[in-house]
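Novice: One-letter residues, chain by chain:
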Amino acid sequence: MLQQTAATLLLIGFPNAGKSTFFNLLTGGNRKVSNYSGVTVDMGRADIKSDSDGGIKLKLVDLPGIYNLVPASLDEGVTVKALLNLEGKDGAQKVLMLLDWQRIEASMSLALAVKDIVGSDNIAIVINKDDSAEIDPARRSELEKKLGCRVLPLSALNASPKTVEAFIRGLDLSSQVEPVKKLQITKEALEFLPAGDHSARLAVIDDTKSITDLINWYHQKARDVLGSLSRPNDEKSRLTQKIDRIVLNPWLGGIIFAAIFYFIFDAIYSWAGPAMDLAEGVVVGMGDFVGNYLPEGHFKSLIVDGIFGGVGGVVVFLPQIMALFFLLSLLEQSGYVARAAVVTDRIMGVFGLNGKAFLPYMSGFACAIPGIMATRTIPNPRERYATLMTLPLITCSARLPVYILLIGTFVPATTVLGIFNAQTLSFFFLYFLGSIAALVIAKILRLSYFKGETGNFIIDLPLYQRPSVKTAFIQSWKKGKTFLTKAGTIILGLSILIWLLSTFPSANPELLEGKTPEQQAGISLEQSMLGTMGRTIEPVIKPIGMDWKIGVGMLVAFGARELFVSAMGTIYSLGDVDEESTPLRDKLMAETWSDTGAPVFTLATAWAILIFFVFSLQCTSTLAILRRETGGWKIPMIMFTYMGLLAYGGAYIAYNLLS
Amino acid sequence: MTLNDIKVGDTVCLDDFSHNQSVYFKLISLGLLPGDQVIVMGRAPFGGPISIKHGSETFFALRRSEALKVQVKTSTKAL
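For the record, the sequence lines run as chains H and V. According to my numbering, the residues represented by the first sequence are 1 to 659, in order. According to my numbering, the residues represented by the second sequence are 1001 to 1079, in order.
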């Protein structure tokens, strides 16, 4: 007989029951956790970390939350597919049902439904959020008797992984989970499941009522099973009620919403500012230090101009990136985000979108990629596409370096209307402009190509909880690491490429004769490959106030937006002949047009660049994910084109209004 | 009487609302069953969503267009 070496466990439960927190606890993983429904939209697998040797390897699969077994959106389809093993891969040995003690009756109904499909031998129940250990041993064994399976109450936020592992190892993990009964689903639910003949595991029912009646029956049965089991204490519920009375207040709600986001942008600006100055000082100092030890020549130029100028220019934005993710994580964990969806629902409705679209848009402030993935939670495909196609207009964190660099350099830090900082306001305006453009375009799509009724909006509002600073730090650290990795790989590689292109071919020595070092540097740059490319595109970008150097920066930024900053760093470092390195900000201010001697970067040019970045789809990763999520190049190409036209048009208007 | 007619602070019982299958499906999935008591907690301005409390611990919000489809009757027993 073959010795069993591994066992797989599926994690199934309500949205926001804490599956990812539980998953992270056991696997040491960093799945994103928040306090609202629909954060996990794909499958995550990892091994359970274990100190005990000899035991079999345990693999845990984190799945998107479901309310019942009839999928109503793509993410729910992922879970049902895994439960029934529709793709016929290596199945699981156990289903771990993760119930939510705060919603015990409702989440118990799902456990009962799953139990009927796979049999009570194949499931075990974990009751999460039992923060004050209300389920005592007597209650626990009573539940186990009634349900016919093992039950473990815990609080995934502060449970010991060892206890949980012991519980799992105590289960019988030798047999494969096989459905013992066909799952009844509606015809509509089929479109969220993979194509193919699943008639052995699924029964498609025309009569929707018998399916809803069944769901109703499971809820009734869950109430019977729980019977007199005491409900969670309602202290948290009272607090939630108190906070909601303020944040969902008809008049205060909108003001609080705007204030929270203004505060976040202001914090990125004011708190992270000094940290950024420090980082900038360190980078410049290191560049000078290393430069002193290198002989004059191409190698020194590659290191100082190419790498310190390029990569260093981007790395200094690490504090801001980390600050943004830290604050977003605190906000998401608190439970406020679902309320924000309620506050903004009226506006979303005007633009033909489901209130649920707020949540993917909200993820888009961090990065378009998780935002695009999160649109899977929107059941109606037309609304989903309208959301997905406008999502990259939401200001993501990759635009931050460009915004901070240009606003910090060219917008004066004056106080407006007594309390607002002009720089923060500019920042806020760019975020606002991107968001409003997303909504307007979504409306246009909903009136034309993706015409149709708006799907229903019923959202669960989680209880408020104190956000964990530790989780926020982990999230922010993780994003910081991703950012640094990107800087150390893609941005480093492209900075070297930009340096090569802007150094070779060398200028004809005759041209350099009798010129000042400054002029020589300028001529060399113009004669290089990059200079030739830049001058070719100059006629196109001159109407929006940019010279060829900025044009080159814009061009490389189509790979990834941060590359604009690194390209500017390299190009201006080469043109800079001073012994002392200066921060990129000073170099930008010193740059002049070669023919007139007027500064290149005026307020008008800076705003033209900013507006261009608000609209343009400059991210190859986003294009790749769009292709995957929409199944072809058609949608990504349409998006690339419309966003490019908006960007150019917007920049043209901004430049001409301000100059 | 529908859920949309209820004042903030009032408690009502959900009546049978299974005639509208899509709203019914969504509500019972969340555990809101006919006969259950809910309290209207708030109404967002300009026709925004209505927030409700169900049982002692769970909170939801739904659009007015959805609330219009949910029949309710005055609660017979006090909470």
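You may find that some hints are simply not true.
[To be verified] Computed list of lysine-lysine pairs in DSBU-like fashion (alpha-carbon distance at most 35 Å, straight line):
#1 H:Lys59 to H:Lys470
#2 V:Lys1007 to H:Lys49
#3 H:Lys242 to V:Lys1069
#4 V:Lys1007 to H:Lys221
#5 H:Lys81 to V:Lys1069
Simulated from the structure, these hints should not be mistaken for laboratory data. Just so we're clear, the structure is a prediction, and the values are computed from it rather than from any experiment.
Novice: It remains to establish, for every hint, whether it holds in the given structure.
Specialist: Now for the hints, and whether the structure bears them out:
no. : hint                  : verdict
1   : H:Lys59 to H:Lys470   : holds, 25 Å
2   : V:Lys1007 to H:Lys49  : violated, 52 Å
3   : H:Lys242 to V:Lys1069 : holds, 28 Å
4   : V:Lys1007 to H:Lys221 : holds, 32 Å
5   : H:Lys81 to V:Lys1069  : holds, 32 Å
Taken one by one, the earlier hints fail for this structure only at number 2.
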